[in-house]
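> Kindly generate the complete structure, drawing on both the sequences and the hints.
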Amino acid sequence: MLYYILRRILQMVPVIIGVTLILFMLIYMIPEDPASLILQKGATEQALANLRAKMGIDRPLHIQYLRYMGNLVRGDLGTSYRYRRPVSSILADYYPNSIRLALAAIIIEIFVGIITGIIAAVKRYSFWDTLVTVSTTLAVCVPVFWLGMIFQNIFGLRLGWLPISGMGDGSLRYYIMPAFTLASVSLAYVARITRSSMLETMSNDYITTAFAKGLSPGMVIGKHALKNAMIPVVTLVGLNLGTLMGGAVLTETVFNWPGVGRAIYHAILERDTPVVIGGTLVLVMIFLILNLIIDIVYAYLDPRIRFDRRESRV
Amino acid sequence: MNEKLLEVRDLKTHFFTPDGVVKAVDGVSFILNKKEVLGIVGETGSGKSVTALSILNLIPQPFGRIVGGRIMFDGVDIAGLGQKQIQKYRGNRISMVFQDPAASLNPVYTVGNQIMESIMIHQKIDKRSARKKAMRLLDMVGIPEPQRRLNSYPHQFSGGMRQRVMIAMALANSPSILIADEPTTALDVTIQAQILELMVDVMNKTGSSIILITHDLGVVAKYADKVMVMYGGKPVEFSDIDKIFYEPLHPYTNGLMGSIARLDSKKKDRLTTIDGSPPSLIDLPPGCIFYPRCKYRMEGCARSYPRFKEVKPGHHVACHRHAEFLKEEADG
Numbered sequence: 001m002l003y004y005i006l007r008r009i010l011q012m013v014p015v016i017i018g019v020t021l022i023l024f025m026l027i028y029m030i031p032e033d034p035a036s037l038i039l040q041k042g043a044t045e046q047a048l049a050n051l052r053a054k055m056g057i058d059r060p061l062h063i064q065y066l067r068y069m070g071n072l073v074r075g076d077l078g079t080s081y082r083y084r085r086p087v088s089s090i091l092a093d094y095y096p097n098s099i100r101l102a103l104a105a106i107i108i109e110i111f112v113g114i115i116t117g118i119i120a121a122v123k124r125y126s127f128w129d130t131l132v133t134v135s136t137t138l139a140v141c142v143p144v145f146w147l148g149m150i151f152q153n154i155f156g157l158r159l160g161w162l163p164i165s166g167m168g169d170g171s172l173r174y175y176i177m178p179a180f181t182l183a184s185v186s187l188a189y190v191a192r193i194t195r196s197s198m199l200e201t202m203s204n205d206y207i208t209t210a211f212a213k214g215l216s217p218g219m220v221i222g223k224h225a226l227k228n229a230m231i232p233v234v235t236l237v238g239l240n241l242g243t244l245m246g247g248a249v250l251t252e253t254v255f256n257w258p259g260v261g262r263a264i265y266h267a268i269l270e271r272d273t274p275v276v277i278g279g280t281l282v283l284v285m286i287f288l289i290l291n292l293i294i295d296i297v298y299a300y301l302d303p304r305i306r307f308d309r310r311e312s313r314v
Numbered sequence: 001m002n003e004k005l006l007e008v009r010d011l012k013t014h015f016f017t018p019d020g021v022v023k024a025v026d027g028v029s030f031i032l033n034k035k036e037v038l039g040i041v042g043e044t045g046s047g048k049s050v051t052a053l054s055i056l057n058l059i060p061q062p063f064g065r066i067v068g069g070r071i072m073f074d075g076v077d078i079a080g081l082g083q084k085q086i087q088k089y090r091g092n093r094i095s096m097v098f099q100d101p102a103a104s105l106n107p108v109y110t111v112g113n114q115i116m117e118s119i120m121i122h123q124k125i126d127k128r129s130a131r132k133k134a135m136r137l138l139d140m141v142g143i144p145e146p147q148r149r150l151n152s153y154p155h156q157f158s159g160g161m162r163q164r165v166m167i168a169m170a171l172a173n174s175p176s177i178l179i180a181d182e183p184t185t186a187l188d189v190t191i192q193a194q195i196l197e198l199m200v201d202v203m204n205k206t207g208s209s210i211i212l213i214t215h216d217l218g219v220v221a222k223y224a225d226k227v228m229v230m231y232g233g234k235p236v237e238f239s240d241i242d243k244i245f246y247e248p249l250h251p252y253t254n255g256l257m258g259s260i261a262r263l264d265s266k267k268k269d270r271l272t273t274i275d276g277s278p279p280s281l282i283d284l285p286p287g288c289i290f291y292p293r294c295k296y297r298m299e300g301c302a303r304s305y306p307r308f309k310e311v312k313p314g315h316h317v318a319c320h321r322h323a324e325f326l327k328e329e330a331d332g
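Protein sequences, first through last, are from chains A and B.
Each residue of the first sequence is one higher than the one before, counting from 1 in our numbering.
Each residue of the second sequence is one higher than the one before, counting from 1 in our numbering.
The reader is advised that the hints may include incorrect statements.
[To be verified] Reference listing, derived: stretches of chain A covered by chain B, where coverage requires no fewer than 3 residues with Cβ under 8 Å from a Cβ of chain B:
no., stretch
1, 40 to 47
2, 150 to 159
3, 224 to 236
[As the list claims (entries may be wrong)] Using 20 Å as the maximum straight-line C-alpha spacing, the simulated SDA-like pairs for lysine to any residue come out as follows:
no., chain 1, residue 1, chain 2, residue 2
4, A, Lys123, B, Pro18
5, A, Lys227, B, Tyr109
6, A, Lys123, B, Thr17
7, A, Lys54, A, Val19
8, B, Lys243, B, Tyr109
9, A, Lys227, B, His122
10, A, Lys54, A, Gly18
11, A, Lys123, B, Phe63
12, B, Lys34, B, Phe63
13, A, Lys223, B, Phe63
14, B, Lys312, B, Asp240
Source of the hints: derived by calculation from the structure; they are not laboratory data.
Note that CB positions come from ideal geometry on N, CA and C, so glycine has one too.
Structure below.
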């Protein structure tokens with residue numbers, strides 16, 4: 001197991017090299033001079049050249065790349081052109097907000113999604129099942145930003161229960177609407193997958209065996225069905241995790257949430273290359289680490305997936 | 001010997017599907033005595049598995065339901081019990097072994113966990129004693145290194161070994177009745193005999209009874225004391241093993257006997273078959289269910305279903321013409 005994790009971490013290195021290479025080339029293709037963005041209009045040619053030399057962007061691409069990677073190994077993500085601050089400190093400002101929002105969304109997604117899915121499966125064809133089916137279909141179809149605005153209108157403006165936007169003092173009230181908005185689509189998928197996976201699992205022979213042993217329906221569902229039914233759900237949640245971490249641009253914009261999605265978006269508009277590359281890179285790393293965690297959770301859920309093949313059949 | 005253990009009377013289990021009511025089991029009656037092996041024989045879809053599932057009320061929900069009849073066990077009609085009460089019988093007084101051991105064990109728990117669970121829901125003992133007991137059970141069903149194998153997962157066993165685990169699990173609480181629903185169908189031929197011998201051995205030792213559901217007449221001939229033949233959800237003949245094989249009264253049983261390959265038959269003798277196929281169990285016509293395929297059918301057979309009744313001591317049959325067949329038999 002430890003060997004497997006080490007191997008997986010080593011496999012991340014080529015992915016990171018690949019991602020940075022692609023980002024570098026894409027940004028190099030933009031025919032815009034960062035130096036002229038930093039200096040005001042009317043700066044002399046000499047001043048621009050000096051700045052370029054100082055920033056190192058007058059060198060060939062491969063030199064720039066190697067220098068960037070060299071710094072990266074030392075944990076230096078470069079300096080923002082716009083804010084004249086280290087990228088790491090900018091990301092450190094925004095990332096915690098995004099991660100908190102993502103965590104809130106994930107918790108909602110997992111708990112609400114799985115519980116509604118189980119209820120729909122166990123009470124199949126009932127009123128609750130229909131309610132879950134209809135509301136999940138709606139949640140998937142409706143655009144996220146529209147849903148966010150509707151929430152703002154109803155709960156913020158008309159009812160006045162929740163703050164309309166921003167993080168305020170960071171209390172829980174500020175999280176509710178953005179987190180539900182962010183979680184809406186994936187929550188609907190989780191509920192659907194849980195329902196169908198649960199129904200499929202309940203039709204297995206080992207469920208009949210469990211009943212034939214004399215277990216109560218609660219034990220059969222909670223012990224024998226749930227663990228098996230969770231396998232596809234974990235895949236889905238795992239895939240969603242990364243999206244929630246980085247894909248919150250719409251939600252963060254609608255709710256004016258000071259997160260990294262919004263920060264990268266602005267950085268792209270402002271050609272703030274180091275922030276774009278640094279932010280994306282951290283996002284990729286988070287995605288990779290989450291995937292690793294999901295694979296480990298898999299192995300716990302399904303003993304047929306083992307990493308070291310020492311055990312054999314008899 | 002002839003102490004009555006289980007009596008099923010006029011059991012009816014129907015499935016209420018969108019296409020109509022499927023009478024999967026319709027009027028099944030039999031008696032199981034102590035230390036007896038009862039074979040239930042029939043084609044696929046004849047209702048033998050549903051009969052077995054009905055005894056412990058394990059009929060697939062939400063469509064299936066026991067709609068009539070009684071299942072008397074130990075002086076209690078267990079067909080009428082609620083969920084909480086029937087749970088006390090399942091796996092405890094009456095156990096089941098299923099057809100496909102690969103699918104019947106939960107893939108995500110160790111076999112030790114699954115056997116111990118059976119023990120601990122019915123007996124008030126702690127985990128350590130349950131573990132010891134599980135180990136003894138594995139040993140009893142012939143699994144080598146039981147201590148180590150408790151920690152193995154089902155996928156680490158072969159098919160025959162998995163069925164042994166299933167049997168160990170079924171025997172965990174020393175049940176009075178073991179219901180085996182085609183326990184060897186999914187296994188290699190070489191393993192089948194081992195598994196059946198094991199079941200019969202263990203049950204002989206503990207003095208319990210077996211209901212053996214199968215479509216293999218050879219298995220029935222070898223292990224069963226009594227046989228019930230089912231066709232289209234209805235019992236057609238129920239009797240001692242010898243009578244069924246040597247003096248079958250129902251044309252269907254007769255046909256089944258003719259379709260067994262025998263080693264001592266001559267090469268030019270062809271196997272006989274029963275023409276046609278089993279009926280769909282939706283919207284059955286009123287007459288005898290075997291009528292369309294019966295070689296001995298008469299006009300009256302299509303009008304009403306013959307009652308399943310005792311025509312000789314211990315010999316039940318459902319056929320309008322049983323009297324004639326009885327007479328033929330007496331005449332030799």
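> Can the restraint linking lysine 312 of chain B and aspartate 240 of chain B be considered satisfied, given a maximum Cα separation of 20 Å?
The given pair, whose Cα atoms are some 11 Å apart, holds under the 20 Å limit.
> Does valine 19 of chain A sit within 20 Å of lysine 54 of chain A, going by the straight-line distance between their CA atoms?
Outside the cut-off at roughly 26 Å; violated.
> Using a Cβ cutoff of 8 Å, are there at least 3 residues of the stretch 40 to 47 of chain A near chain B, or does the coverage claim fail?
Three-residue rule not met by the stretch 40 to 47 of chain A, so violated; n is 0.
> For the stretch 224 to 236 of chain A, count the residues whose Cβ lies under 8 Å from any Cβ of chain B; is that count three or more?
With 3 residues close enough to chain B, the hint holds.
> Holds or violated: are the alpha carbons of lysine 227 of chain A and histidine 122 of chain B at most 20 Å from each other?
violated, 23 Å
> Check the hint pairing lysine 223 of chain A with phenylalanine 63 of chain B against an upper bound of 20 Å on the C-alpha distance.
Judged against 20 Å, a Cα distance of about 24 Å means the pair is violated.
> Within a Cα-Cα threshold of 20 Å, do lysine 34 of chain B and phenylalanine 63 of chain B meet the stated pairing?
At roughly 33 Å apart (the allowed maximum being 20 Å), phenylalanine 63 of chain B and lysine 34 of chain B break the hint.
> Check the hint pairing lysine 123 of chain A with threonine 17 of chain B against an upper bound of 20 Å on the C-alpha distance.
holds, 18 Å
> Is the straight-line distance between the alpha-carbon of lysine 123 of chain A and that of proline 18 of chain B 20 Å or less?
holds, 18 Å
> Check, residue by residue, whether the stretch 150 to 159 of chain A contains three or more positions whose beta-carbon lies closer than 8 Å to a beta-carbon of chain B, and give the verdict.
Contact hint for the stretch 150 to 159 of chain A vs chain B: violated, 0 residues under 8 Å.
> Would the pair lysine 54 of chain A and glycine 18 of chain A pass a check requiring their Cα atoms to be no farther apart than 20 Å?
Violated, at roughly 27 Å.
> Within 20 Å, alpha carbon to alpha carbon, are lysine 227 of chain A and tyrosine 109 of chain B?
Answer holds: lysine 227 of chain A to tyrosine 109 of chain B is near 9 Å, not above 20 Å.
The earlier numbered hints that this structure contradicts are 1, 2, 7, 8, 9, 10, 12 and 13.
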